[in-house]
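With these hints in hand, go ahead and build the complete structure from the sequences.
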Amino acid sequence: MFEPLAILSDSFWLSSFAVAALIFWFSFVKLSVQFPHSWLNWIFKLVHLQLGMLILLIPIQLVLFQGVNITSIFANLWAVPIISFITIPLIMVSYICIFWYAGQNLLFGIIDKSIILALWPLAHIERYWLDTGHLPIIITGLSWLIILCWQFSWFVQYKLLIIVLIYWLITTMKQNYLVLWRLIMLDVGHGLAIIIEQQGKVLIYDTGISWKKKSSANSTILPYLRYHRLTPEGIILSHNHIDHTGGVGSLLLTYPGLKIRSHFDKKNHFPCHRGIYWQWQKLYFEVLWPIIDQKRSHNNESCVVKISDGYHSVILSGDIEKTAEKELVRLAIANLPANLLQVPHHGSNTSSTMAFIQAIKPQYALTSVARYSRWRLPSDK
Numbered sequence: 268m269f270e271p272l273a274i275l276s277d278s279f280w281l282s283s284f285a286v287a288a289l290i291f292w293f294s295f296v297k298l299s300v301q302f303p304h305s306w307l308n309w310i311f312k313l314v315h316l317q318l319g320m321l322i323l324l325i326p327i328q329l330v331l332f333q334g335v336n337i338t339s340i341f342a343n344l345w346a347v348p349i350i351s352f353i354t355i356p357l358i359m360v361s362y363i364c365i366f367w368y369a370g371q372n373l374l375f376g377i378i379d380k381s382i383i384l385a386l387w388p389l390a391h392i393e394r395y396w397l398d399t400g401h402l403p404i405i406i407t408g409l410s411w412l413i414i415l416c417w418q419f420s421w422f423v424q425y426k427l428l429i430i431v432l433i434y435w436l437i438t439t440m441k442q443n444y445l446v447l448w449r450l451i452m453l454d455v456g457h458g459l460a461i462i463i464e465q466q467g468k469v470l471i472y473d474t475g476i477s478w479k480k481k482s483s484a485n486s487t488i489l490p491y492l493r494y495h496r497l498t499p500e501g502i503i504l505s506h507n508h509i510d511h512t513g514g515v516g517s518l519l520l521t522y523p524g525l526k527i528r529s530h531f532d533k534k535n536h537f538p539c540h541r542g543i544y545w546q547w548q549k550l551y552f553e554v555l556w557p558i559i560d561q562k563r564s565h566n567n568e569s570c571v572v573k574i575s576d577g578y579h580s581v582i583l584s585g586d587i588e589k590t591a592e593k594e595l596v597r598l599a600i601a602n603l604p605a606n607l608l609q610v611p612h613h614g615s616n617t618s619s620t621m622a623f624i625q626a627i628k629p630q631y632a633l634t635s636v637a638r639y640s641r642w643r644l645p646s647d648k
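Using this note's numbering, the letters of the sequence shown map in sequence onto residues 268 to 648.
Don't take each hint at face value.
Mimicking DMTMM-like on lysine to aspartate or glutamate, the simulated pairs with C-alpha atoms at most 25 Å apart in a straight line are [to be verified]: (1) K380 x D398; (2) K628 x D560; (3) K479 x E393; (4) K648 x D454; (5) K549 x E588.
Estimated spans, in silico, between C-beta atoms of each pair [stated by the list, open to error]: (6) Y544 x A285: 33 to 39 Å; (7) F341 x Q301: 23 to 29 Å; (8) V446 x S420: 38 to 44 Å; (9) Y544 x R638: 34 to 40 Å; (10) Y434 x I377: 54 to 60 Å.
Hints were generated in silico from the structure; no laboratory data involved. Backbone N, C-alpha and C fix where the C-beta goes; we use that ideal spot for every residue, glycine too.
Written out as structure tokens, the structure reads:
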């Protein structure tokens, strides 16, 4: 009632689900073993509790994170007592000391150290994270449905509802196989990353931005591929700017055999200039720009690619500006018409000239921009 937007928070659902899991665990999986020593009973109860949490929280983890870490039980056995008996009580005490700044600062220092201590195991168990994709969510949902139906005798009272739910789960599992191919523009902020998917395989056009030791590949591209159980076969890099090439390193680290196509001056890259054609499964790729003589790889030398299945076509334009657009209209006006256009240069005023747009006549346009961008893209024009 007081904070309705809390339902959009992952922590809200994790906490609610954890309470429900505890009630379920203590109601239906009772602990009957008793040890002669009270401290052994206490440890056994703690392990029993954490084991229940590990098992019952798997569904919500699959829904929110598309993965699970079985070794998290050890992290919880370590962290929960520290947070419960040291961190939280000290935070409560710090409220009492709100006007005693020296005491409050001392408490905050201890609180910080307790949190660092609680989080210490995480770095060691991170390697055991298991990406599961979306399929285990469906399987887990079905298994939980069976448990609930059995426990509350729903299979007697709600036969039709259960049949409909099972039918929905089966059709959900099959619907992805009905798609011939699809193009997905991922949200990587101010950058570009496009997935071309066909029969469980993908080509990636640009890889987003990188910063420090992180990149769009780590935060967006790789999780998307894992969730949908897709296998990348190649990368097309439009031009050599960090907001388009930032994720290459992470992708190559995960998939070392990826083939890269670009207009860079690199021997291990396949060429990407006007006159290059290739077929990938049932899709045809044609490079419209740049011309082979251009040796740089900036905005106006972006690798412009047209993708077609014979009925629908897409133009991926990178960051080309007015100069390149003018040359494209002059050299390849017959090949420019397409159903969908990736708007050049994030919808900047430097691009999308009238002649270029009229030559393509797209039904749809996709612009890759950051929300609240300081450049205020795409421009109204």
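Evaluation of the provided hints:
Restraint check: the Cα-Cα separation between K380 and D398 comes to about 31 Å, which exceeds 25 Å; the hinted pair is violated. Taking the CA atoms of K628 and D560, the gap is near 29 Å; set against the 25 Å cutoff, the hint is violated. Pair hint K479 plus E393 holds up; C-alpha atoms about 20 Å apart against a cutoff of 25 Å. Distance check on the hinted pair: K648 and D454 sit about 22 Å apart at the alpha-carbon level, within 25 Å; holds.
With a C-alpha separation of about 31 Å, the suggested pairing of K549 with E588 is violated against the 25 Å cut-off. Distance hint check: the CB atoms of Y544 and A285 are about 55 Å apart, inconsistent with the given range 33 to 39 Å. Checking the proposed 23 to 29 Å range against F341 and Q301 shows it holds: the Cβ atoms sit about 25 Å from each other. Judged by the Cβ atoms, the range 38 to 44 Å given for V446 and S420 holds: they are separated by roughly 39 Å.
Hint check: Y544 to R638, Cβ distance near 37 Å, so the stated range 34 to 40 Å holds. A hinted range of 54 to 60 Å for the beta carbons of Y434 and I377 is consistent with their spacing of about 56 Å.
Of the numbered hints stated above, those contradicted by the structure are hints 1, 2, 5, 6, listed in ascending order.
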